[in-house]
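Chains as they are written, first to last, in the numbering used here: chain A, 1 to 857; chain B, 1 to 719.
It is possible that part of the hints are untrue.
If you anchor each label on the Cβ, the simulated ranges turn out as follows [as the list claims (entries may be wrong)]:
1. B:K353 to A:A756: 43 to 53 Å
2. A:P507 to B:S305: 20 to 30 Å
3. A:D798 to B:K244: 47 to 57 Å
4. B:G534 to A:P613: 45 to 55 Å
5. A:A756 to B:G534: 37 to 47 Å
Derived by calculation from the structure, the hints in this document are not laboratory data. Quick caveat, the model's predicted, so the values are computed rather than measured. Beta carbons are placed, not taken as given, at the ideal position from N, Cα and C, and that holds for glycine.
Chain by chain, the residues:
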Amino acid sequence: MSRCCMLSTSSSGRGRLTIAGRRGAGHRSQRRHRGMIAHPFKIALLVLLLCGNASASELVSLRIENQAGDEAKSFAATTLVGRDARLQLLVTGELSDGSQLDWTHQVNYAAEPPGIADINDSGLVTPLANGSVTITAKSENGKAAQATLQVTGFDQNAAVSFPSQVAPIFTKLGCNGGGCHGKASGQNGFKLSLLGFEPQADYERLIKESRSRRMSLAAPDQSLLLLKATNVSPHGGGQRLDRDSHEYRLIRRWISQGMPYGSGDEPQVVSIDVFPDQRRLGKTDSQQLAVVATYSDDSTEDVTQATVYESNDTEMADVTPSGLVKLQNMVGDVAVMARYQGHVTAFRADIPLGATDNWTEDQWPEPRNVIDQFVYQKLKSLGIPPAPECDDATYLRRVTLDIAGRLPTLAEVQQFQQDTRENKRETLVDRLLDSDDYAHYFARKWSTILRNRRTSGSLQLPNLAFHRWIRESIRENKPYDLFVRELMTASGSMISNPPVAWFKQVPDTNQRVEDAAQLFLGQRIQCARCHHHPYEKWSQKNYAQLSAFFTLVSTKTNGDPNEPAFFSRVGGAAARHPKTNQSLPPAGLDSAELSVPSTDDPRVHLADWMTDPENPFFARSLANRYWKHFMGRGIVEPEDDMRVTNPPSNPELLDAMAQSFVESGYDIKSLVRMICRSRVYSSAADANEDNLGDRRSYSRFYPKRLQAEVLLDAVNQVTLSTTPFAGMPAGTRAIELPDTGFSSYFLDVFGEPNSATACECERSQEANLAQSLHLLNSDEMQKKLAADGGRAAKLAADGRSDEDKVRELYLIALSRQPQPAELTAAINYLAAKENKREAYEDVVWTLVNSKEFMFNH
Amino acid sequence: MLPHSRLSLTAIVSCILASQCLAQLPVIELTAISRLGGQAGSEFEMRSSAGSRLEEVQQLRFSHPGIAAELLTDNPLPFSDQRQPRYGNFRVKIAESVPPGRYECRAVGRHGVSNPKAFLVHTLDGDIDTPPSTSKDKPTPLPIGNIYHAKAAPAQVHYYSLHVDQGQAIRIDCLAADLDTRMIPVLTLTSASGQTLQTRTGSDTIDPHLVIEPYEAGDYVLAVHDAIYRGGEEFAYLLVAQNKDSAINLVSPAGQSADGQTPIAWLPAATSGFAELTDNAIGIEETSDAKSITPPCTIKAAFDSREDEDAYEFTAQQGEQLAIDLISQRLGQPTDGRMILERKEPQQAGDPKWHSVFNEDDSQSIGDAALTLRSTDPFAMFTAPETATYRLTIRDLDSGTALSRQQDYFVDLRRPTAGFDLVAYRPFPSKDQNASRQHGSQLFRGGGEAIRVYCVRRDGWSGPIELAAEGLPPGVSCAAATIAANQNQAQLTFIANDDAPAAVADVKIIGRGTVGGEQKSVTAAPAAIQFGRGHSREYIRSRLTTTLAIAVSDKDVSPISITVGDGTVAEVKKGESLTLPAKLTRREGGKTNCVLRPRDLPPKVTSADVTINADKNEGNIVFKVAGDATPGTYSLWLQAETKIKLKPNPQALDRANAYRAHLKQLSEDPAKADQREAVNEAIKAADERVKAAQASAKEQEITIFPPSPHVTIRIVEAK
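When you get a sec, could you build the whole thing from the sequences and use the hints?
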């Protein structure tokens, strides 16, 4: 018998597709189409229409954004200083429906008077002479806009600055990337600092190393640097520069000037801004970006061409090196990171579907809490209709798997089915949170990312004690701030104070800093250990000051030398800056420096800062981590990489959850209740035309494959078997395991993490052929199916009708009754087989191999 | 026949174990007894259930005369009229008059007197021995007021049920570490529906208890298992549920010894007189402000939260001396105290300014890999640099609450009372101290056994200590030794004469020193290794014990004897060398090279190892004394390393052969022809007995590390 349970894709719910018309009042811009189209071919037609950039609405006006004025910093640049200057024009068109679109690449440009500046088709302006120039942009339908730009300093042969002008070229071209000359050992004898964070060192290497053969003052074009970059001299990295490019000319001029480093007092970049910073766009639209740097002398410069761009979701949007964002055929939101001279910012685009634009307020479900409020707010904004609520059977299975890490028992399924109380879902959540299974399941989650890892051999006491502490903390619902405080400030022996084991598992100060930041602040600061973080604002100074909290941690042995006690020495808490060797006092991220008395444990001050309700990272990080656990995707994704350039998909939702979490006294169970009681969490997982492409707005529940341990336990639960784990009592379930040191092919193949890092990403949720083969055709599965005391044997020996038994089996495996066709197929199959036990083995096998079984949906 | 089977099994086990410990002369090692205690007035059977060299254990020696053990016997062997001893199996009687508490039990067998094992006497309702349930669904009833005897099995959990009435509060104790077992108990209390209510865990040295506060009336389930799911003979535990209000402590707190009880405690407890401390202590209530005190005084307080910090302020006059002693870990608390003393800046406007005087963490490190007197309790001698207000801040660096929610401490601020304490134990005879494990005593004729003595000097006292042994059995001698003023350890060696009679005796080590111009005599607290490394615990545990027991064998002769010098105190000048002759007496089995390694050399004195080849019996040990060595009297010793051959127990084979010969004679006796068939059957069984006995009579080659007699030298000024 072969059977494959597929998740339904039926368009249950409202059964209609609405395409955006005029948006509600208060929206800044609107999409172009309106009306309601129910027929599929009309949908297809509409999609075709949407795919084209040409709008059915008429362009009614144009605007060049580069306009000087009182709010100059709110606009793109208007001045070009010096002959090396470049400036990106931004042209915005307003349509007859009021929406705004980027028109930069769809207009013709003209400059008056001529000879002051040159403009190409992309709106890139380069200077030709000093003066004032008026740029006119004109569309095909005759709409026009003008802007006046100033060119100054063109007649001055200003010295090229290495740190401000040359080094950024290396970054832009990827020369100093981690895979090329920027790696620690350099590349083919030439090393640059990673992403140009150490221009002085780069300069020294470039000018002085290899007997200065990289530069030729006498014949700049023969400089090895340029010959390699243009691939005239064979270059492993291929051609990075055209001889006719701006960058080539700039470097050549710098060489011919004698390769000055710069005066040393050049203004430094203090911030960058991207224009626009946010825009509502349509599928397949594009948007030109402009980036302006602000310097320490308050001057500004257009650095669009020198900026590096990166999309946080390339399936939704690509970006060209010149800053042109090109959307794919998806709805939702996407961010594009812009990085220049160690500064980062991001552009965010919303791509609405508009299917609910004609909905009235009463068509929207009543929010149950802030989660519903802010998810629906976003869905309204994007015009994506929310999925209806799932049925009771689905909810029971979903929430039991998510909170307790197991399938509902038969009794639970039957009881829930019969429960007619209105609040039965709330009661269920409470019951699950009060159960030991909740503690087991989340202890497994935390134990893994807290690196509770066996070093070798048999069970080890510190592992078990640490796991037990985590589990009891969760069971007792220890406030999260206290949980983290006890962990971060753990002192003493591993048996008396089990969280001390974390310091043994993470023996290096750097790792402790990085793990603590990643686990509890959602900040990956690893990069800042060696250089300024390329995608964040964190510097090596920030890193060193955070590590200063841990510098007094020390050990002593009073018993088993493998279990040293940890404590904080008396002394001055400080860490040295790796480059300047300056002794730095401790400081939290984005926080003031602390003066810690020598007799204090600096980690207590760290915990104070971390758990302060005003800490911008702490509560948000946990809210996001738990949101992902239940909803399958973080509001910030990955959940522990909450950098500026990876903005949340719904910042209001994240803030509201974090605020609620803080106000609850860091009550994790309260947070879980809030999530699980929301309508959003109980949304059906069935995808339809409206929400199929939604991956970030939570218009529906995103199905998740069961985690390795949960799946193994579920298989055991259905087959009525157990899996032995060396050293543990018989019947121990996989979610109860204290560490990841147990030998299990099943767990390995389904992506059990190794607890080697603090990253949840170590747990693989990917599907692969080996998993399928193991479930379909392995000895382990065969033994579980064919066990004498197993489910199949018991069902075969059971005197009830096949129908009764099949119905029960479905409740056990899928928490629902079989559909008529499923029931008929199973009964017919059982009737046709002479060997009942084998027949039931087949039916059980079929169920545990179905996608419906393997997924939480 | 069951007795025969048991005998064979014992022999086989002994052989196996013997083959694993060929690094010392055969000496009994007791790792488990089958019962950890019993009710006063009761009788029960008991075994020396695990260890090595347990052959022919015929006696259990208890530390209280009211506890007696009678060796069980089986019926006589065929054609014999003597009942057969069932070695290692006893009927134990505890007299009604024995006060409740912890005592000690030692096994005495063919290979000497064993290390001690704790034994509990109680006056509760009774003892239950039936194996507990391993099924969560069918827990074993745990009657309140009884003691349940159980033994953890690998990867198993024991389940007990108990009923609680409305308003009833129950205390459950699980005793393991307190009774010398390796078990680290984990107690988990669940409701009848399986929901965890609370869990408590123990450690290598602290046993857990759990209090069931008045929950709802009903049935509860208690799960008990080892923290690492280990099990076996060494993992026994006692479980007792008592009504909380009337619950009694079955064992005394660490360091406090009730009459007749064994002061089982971590070793640092040996160095404090806790009884006086507790009697005079001032209880301090927890407040957030510094408490004002007037030394000398003793404070009793508690670390009652994770980050608790208590501060005490006092005034001291310039030059005033105080010994400041924080006592907590030595009370058996899971603490790691730190003391910080600061001096207040006088005449400061605004917030007072404090200057650091000292911060102290652990006490001085005295001991070795097998026995350490180091405590996590800090101590400081303080002399006030000026008349001022001082602030003493107390913290617990072990901020965990897994073993105890609240931890008590005392701070003793006293006028210095100079003196010293001594601890003595029998070190494991190996050149690698990390290989040390629990072991007994078996002094061969002509052989030697070491006793190591550590001293802890109190409140700044320094001075030499003369050591002597008392209570030695006949035929055993031990020369006096000295712990020099700049040392804290010395080793004594007991030497058995060639004709020393068999004996088991308790000896005392007495130390004498001059304190404040007066001669002071101190008896060393005896200590013993509790467990060696193993079973996932990689450190050696030792504890205080009741006596230093030694056994002398009249059946065994040491294959090698060592003498150094002529027994007098040799004198050497600073900057010069001293040569002492070392002589070996070789006997059967002792004919190989022998390396002699000087140990416990005084500071600034060096001496090279000396090898006496197999064909030689003499060598010279040269001590080079540096010109800046400190004059004084020092005791040192040599550790030998040599291979010997010996037969551990040829007498057993002799007996087996003699019995077989007796049967053979019967079989050939025409007068017994009618019994020939039975005799031949008996001969077959006797053959098996002979075969089993042959293993222990087989010659074995063993590397041993015997100690030489200790040598005392005197370093004097060069003139």
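Status of the hints after comparison with the structure:
no., hint, result
1, B:K353 to A:A756: 43 to 53 Å, "49 Å, holds"
2, A:P507 to B:S305: 20 to 30 Å, "28 Å, holds"
3, A:D798 to B:K244: 47 to 57 Å, "49 Å, holds"
4, B:G534 to A:P613: 45 to 55 Å, "50 Å, holds"
5, A:A756 to B:G534: 37 to 47 Å, "29 Å, violated"
Taken one by one, the earlier hints fail for this structure only at number 5.
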